[in-house]
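> Based on the sequences and whatever the hints tell you, model everything.
2 protein chains.
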Amino acid sequence: MPVSQAPKSHVGARGGIPDATVSRLPMYHRSLVALSNRGTILVSSEELADAAGVSSAKLRKDLSFLGSYGTRGVGYEVEFLLYQIARALGLTQEWSVVIVGVGNLGHALAGYPGFASRGFKVVGLFDADPALIGEEVTVAGRAVVVRDVKELAQTVRSTGASIGVIATPEASAQQVCNSLVAHGVTSILNFATVLLEVPEGVHVRRVDLATELQILAFHEQRKSQMVLAQETA
Amino acid sequence: MPVSQAPKSHVGARGGIPDATVSRLPMYHRSLVALSNRGTILVSSEELADAAGVSSAKLRKDLSFLGSYGTRGVGYEVEFLLYQIARALGLTQEWSVVIVGVGNLGHALAGYPGFASRGFKVVGLFDADPALIGEEVTVAGRAVVVRDVKELAQTVRSTGASIGVIATPEASAQQVCNSLVAHGVTSILNFATVLLEVPEGVHVRRVDLATELQILAFHEQRKSQMVLAQETA
Numbered sequence: 015m016p017v018s019q020a021p022k023s024h025v026g027a028r029g030g031i032p033d034a035t036v037s038r039l040p041m042y043h044r045s046l047v048a049l050s051n052r053g054t055i056l057v058s059s060e061e062l063a064d065a066a067g068v069s070s071a072k073l074r075k076d077l078s079f080l081g082s083y084g085t086r087g088v089g090y091e092v093e094f095l096l097y098q099i100a101r102a103l104g105l106t107q108e109w110s111v112v113i114v115g116v117g118n119l120g121h122a123l124a125g126y127p128g129f130a131s132r133g134f135k136v137v138g139l140f141d142a143d144p145a146l147i148g149e150e151v152t153v154a155g156r157a158v159v160v161r162d163v164k165e166l167a168q169t170v171r172s173t174g175a176s177i178g179v180i181a182t183p184e185a186s187a188q189q190v191c192n193s194l195v196a197h198g199v200t201s202i203l204n205f206a207t208v209l210l211e212v213p214e215g216v217h218v219r220r221v222d223l224a225t226e227l228q229i230l231a232f233h234e235q236r237k238s239q240m241v242l243a244q245e246t247a
Numbered sequence: 015m016p017v018s019q020a021p022k023s024h025v026g027a028r029g030g031i032p033d034a035t036v037s038r039l040p041m042y043h044r045s046l047v048a049l050s051n052r053g054t055i056l057v058s059s060e061e062l063a064d065a066a067g068v069s070s071a072k073l074r075k076d077l078s079f080l081g082s083y084g085t086r087g088v089g090y091e092v093e094f095l096l097y098q099i100a101r102a103l104g105l106t107q108e109w110s111v112v113i114v115g116v117g118n119l120g121h122a123l124a125g126y127p128g129f130a131s132r133g134f135k136v137v138g139l140f141d142a143d144p145a146l147i148g149e150e151v152t153v154a155g156r157a158v159v160v161r162d163v164k165e166l167a168q169t170v171r172s173t174g175a176s177i178g179v180i181a182t183p184e185a186s187a188q189q190v191c192n193s194l195v196a197h198g199v200t201s202i203l204n205f206a207t208v209l210l211e212v213p214e215g216v217h218v219r220r221v222d223l224a225t226e227l228q229i230l231a232f233h234e235q236r237k238s239q240m241v242l243a244q245e246t247a
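For the protein sequence lines, the chains are A and B, in the order given. Numbered per the numbering used here, the first sequence spans residues 15 to 247. Numbered per the numbering used here, the second sequence spans residues 15 to 247.
Hints may be right or wrong, so weigh each one.
Claimed, not checked - Below, in silico cross-link-like pairs of lysine-lysine (DSBU-like), each with a Cα-Cα straight-line distance of 30 Å or less:
1. K164/B with K75/A
2. K237/A with K135/B
3. K164/A with K135/A
4. K72/A with K72/B
Claimed, not checked - What follows is a list of derived Cβ distance ranges for each label pair:
5. E93/B with P144/A: 38 to 46 Å
6. V47/A with S172/B: 24 to 32 Å
7. V47/A with E93/B: 28 to 36 Å
Said to hold, decoys possible - With the Cβ distance kept under 10 Å, some of the chain B side facing chain A (calculated, not the full set):
8. G87
9. V88
10. G89
11. L103
12. G117
13. S176
14. T207
15. R236
Treat the hints as calculated values from the structure; they're not laboratory data. For glycine and all other residues, C-beta sits at the position ideal for the given N, C-alpha and C.
Here it is in structure tokens:
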């Protein structure tokens, strides 16, 4: 599970919206975009909950934090709810993102189709490897040149990038993080298998791909235990 | 947020352990491995909670589901707790994993350092692109040859792989998923930006990288609103 490293965010709430609700908003947003694309005007809480894979009680509670209560027997207006969620998530503005580490993972992230469509613009790619520096990578139809990580400061300042993605090996992650923070980045998405230390006010989310497999392995094991229990019963 | 697509798993519990607790176990496991490597014998709930970035109340509650209560004033025995969590997660056995889609993301996943060290063995790499089929990819020191996705059935059967990773473009994801499930895979980690339909009993976890950025954007927006409020106050 990607975890927010700031301990406070697990227990507290920000701006009245609990972190668990925030983490489900992108899912609702995605489901609403699909409904909107199909021309749907109104959606019931059951339908929307189903599309997002949560219970309708949880959905209604989550949306109530946005001040959105729907109309009994009618449901929610798709376009208005979409706007409310987009505004809460900050999707009504464009965010500049820099990616540090342009190995296989960095390349995959730079080419990830979901970024541009959701308001994230990759404004810089950086690596320390001379073999990669100078390479042109196609990002959302534009060519972005991989630059020396030493030029990070300049790009962060000139673009106002506030989000940094770390896709470097473990050994360099903390140093890259320090450099990002020193130059004004306040949100970090960390793919390196290391816990980063950051000053207060900086948000880190860590994506640990092996954790996802461990959670699946837990369910696999339960399944095989159930089969075993049935066979020996 | 990676979401388990099975609606039931959001509300119910499996084997007495709530899904939210399961999703935190890998984090505790990682923290305990670090403590064990440093030779630590005992750890207090506060120390362990701190290392894992949760409150100690939450940690104690989570561990109580494993039947682990620690000793008041003493804490938890590191090695025993490690064993209990590893057993609960199914890490005491090796899991065979196949990866379908060997573009940049598939390459990155195949080379991900955390898989092998946590009991996951990549036994097959598959793609439909003739330019990729036949390529040798180094996975945890072994050479694994990328095979035609048509040969998937054979590998899944001969290796008993139960976990499949989908790193294909959106358009092929459902078809690949059907094929994995048809040949015996019961857990799927999905990186494609599409919701997969699976029969009951199959677990899907979806990793949506843009969702992680959206959650960071939410916090970024709150920060800028706070600065604005301070400036105008």
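> Hint by hint, say whether it matches the structure.
Do the hints match the structure? See the list:
This hinted pair does not check out: K164/B and K75/A have alpha carbons roughly 46 Å apart, beyond 30 Å. Between K237/A and K135/B, the direct Cα distance comes to roughly 20 Å. Compliance with the 30 Å bound is thereby established for this hinted pair. Pair hint K164/A plus K135/A holds up; C-alpha atoms about 21 Å apart against a cutoff of 30 Å. With a C-alpha separation of about 21 Å, the suggested pair K72/A and K72/B falls inside the 30 Å cut-off, and the hint holds.
Remark: the range hint 38 to 46 Å for E93/B to P144/A is upheld by a beta-carbon distance near 45 Å. Taking 24 to 32 Å as the suggested C-beta distance range, the pair V47/A and S172/B does not conform, at roughly 42 Å. The beta-carbon spacing between V47/A and E93/B, approximately 48 Å, falls outside the hinted interval of 28 to 36 Å. Using the Cβ-Cβ criterion of 10 Å, the hint placing G87/B at the interface with chain A is not satisfied: the shortest such distance is roughly 23 Å.
Using the Cβ-Cβ criterion of 10 Å, the hint placing V88/B at the interface with chain A is not satisfied: the shortest such distance is roughly 23 Å. The interface hint given for G89/B is violated, since its Cβ lies 19 Å from the closest Cβ of chain A, which is over the 10 Å cut-off. Given the 10 Å rule on beta carbons, the hint for L103/B holds: about 5 Å separates it from the nearest Cβ of chain A. With 10 Å as the threshold, the beta carbon of G117/B comes within range of chain A, its nearest partner Cβ sitting at about 7 Å, so the hint holds.
Restraint check, S176/B versus chain A: the minimum CB separation of about 5 Å is within 10 Å; hint holds. For T207/B, the interface hint holds, since its Cβ comes within 10 Å of a Cβ in chain A; the closest pair sits about 5 Å apart. Among the interface hints, the one on R236/B holds; its C-beta lies about 5 Å from the nearest C-beta in chain A, closer than the 10 Å criterion.
When the structure is compared with the earlier hints, violations turn up for hints 1, 6, 7, 8, 9 and 10 and for no others.
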